[in-house]
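K.L.:
With chain X fixed as given, assemble chains W, Y and P onto it according to the hints.
Protein chains in written order, with the working numbering: chain X, 433 to 573; chain W, 433 to 573; chain Y, 78 to 155; chain P, 78 to 155.
Fair warning: there could be bad hints in the mix.
[Said to hold, decoys possible] Computed cross-link-like contacts, DSS-like style, restricted to lysine-lysine with a CA-CA straight-line distance of at most 30 Å:
no.	chain 1	residue 1	chain 2	residue 2
1	W	Lys-440	W	Lys-537
2	P	Lys-87	W	Lys-493
3	W	Lys-493	P	Lys-81
4	X	Lys-537	W	Lys-523
5	X	Lys-537	W	Lys-475
6	W	Lys-523	W	Lys-444
7	X	Lys-523	W	Lys-537
8	Y	Lys-87	X	Lys-475
9	X	Lys-551	W	Lys-537
Think of the hints as simulated: they come from the structure by calculation, not from any bench.
Letter by letter, the chains look like this.
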Amino acid sequence: MNQDFDIKIIDKALSIDNAYDFVLDSTCGGITLFVGTVRNHNKGETVTHLDFESYRPMAIKELTKIAASCQTQFETKKIAIYHREGLVSIKEKAVIIAVSTIHRKQAFLACEFIIDQLKLNVPIWKKEYLMDGSHWVNARP
Amino acid sequence: MNQDFDIKIIDKALSIDNAYDFVLDSTCGGITLFVGTVRNHNKGETVTHLDFESYRPMAIKELTKIAASCQTQFETKKIAIYHREGLVSIKEKAVIIAVSTIHRKQAFLACEFIIDQLKLNVPIWKKEYLMDGSHWVNARP
Amino acid sequence: MRIKCFGIAKEIINQNTLSIEDDTILSVQDLRRYLENQYPRFSQYKSFMIAVNQTFALDTDQISSDDEIAIIPPVSGG
Amino acid sequence: MRIKCFGIAKEIINQNTLSIEDDTILSVQDLRRYLENQYPRFSQYKSFMIAVNQTFALDTDQISSDDEIAIIPPVSGG
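Only chain X is shown next, with the shape it has when bound in the complex:
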């Protein structure tokens, strides 16, 4: 366990305060957070809710690799990554990423890098429920 990282996949509401408190560090001048929320529309269709599934141990491993890469590339101090699992309603938080760094530019770069990598490579899947059915996102033939 790397004590600079707090990486969790959780089936309850995500807390920005917990993420902020974890990364807060008296040597750091800047904390950047990204919060991904559930939108009520996607590609013109009304979304009623989402259901997230993860391959949890592998997802945690992949997120840890991404965080470690931020320590090297962006000299981050502390990183929290929380992702939701199970049913999530509109406006709820699906993901929280928090990063502290000595200088703020690096915090923005690291935070954006993490969410970009998460969306590309971390084994988590989203099932979107519409008014007239449901489908796994990105999995249309």
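P.N.:
Quick look at chains W, Y and P alone, frame taken from chain X:
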């Protein structure tokens, strides 16, 4: 008053929840926050606390211009900017910026633009208290 | 050999874990061929990955029944 | 003419608001010259700005006692 902006200079603890709740919007998929905290060191010297002073009406005007420019440049949905005034301790929040957008890239760009502009052009001054005295930051001859 | 299934893969196979008894499956590529033969819908999803021991695997990687193997459809977290 | 003072300017002038009775101050540039003569420490801080009616002013802008005028030392918020 533009109802897409919540811009405040406050002499009490700043709340991330308030900023987040203001910008949260069911059409938005991404919220980016920047939190500037008080560091215990600056340029090798131990900082004990800070004292912020502002030209409050002009600072609010300038921050509103910056927020309006984000709506044009980055198509932001909602923006909250809270800045602390008066005495602030180490690890306390000096500034919170929260931005919601439809697509996340724009939220990162807007959030960074706001903090960069705030530090350059908004009439707020920081007095740094060290172990052996105090000085206005950026105001050494 | 037991294969964990997620997302659309779970729906195609209609179960969380697929058990395969087939001595000719020695590599990730062999497993892909097996899946595409048994479950033709997989042919439509060219971009699904195979993870071996919780790491993305290459088609040439060897696999055995001791490995933890999973089908990883296109991810959509965040 | 009343001038609001902030940060280091407040310390140089030793008060929050400076009152000036001088009919020859007609522009921002005139005000700058006055301040540098009366308070030589201002000469060391070339980058202080003048705000007129809560907007950053140019040296050539005209000013009168009806305007809200402020000395804006280098800012350091955030």
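K.L.:
Which numbered conditions among the earlier hints are violated in the structure presented, ordered from lowest to highest?
P.N.:
none
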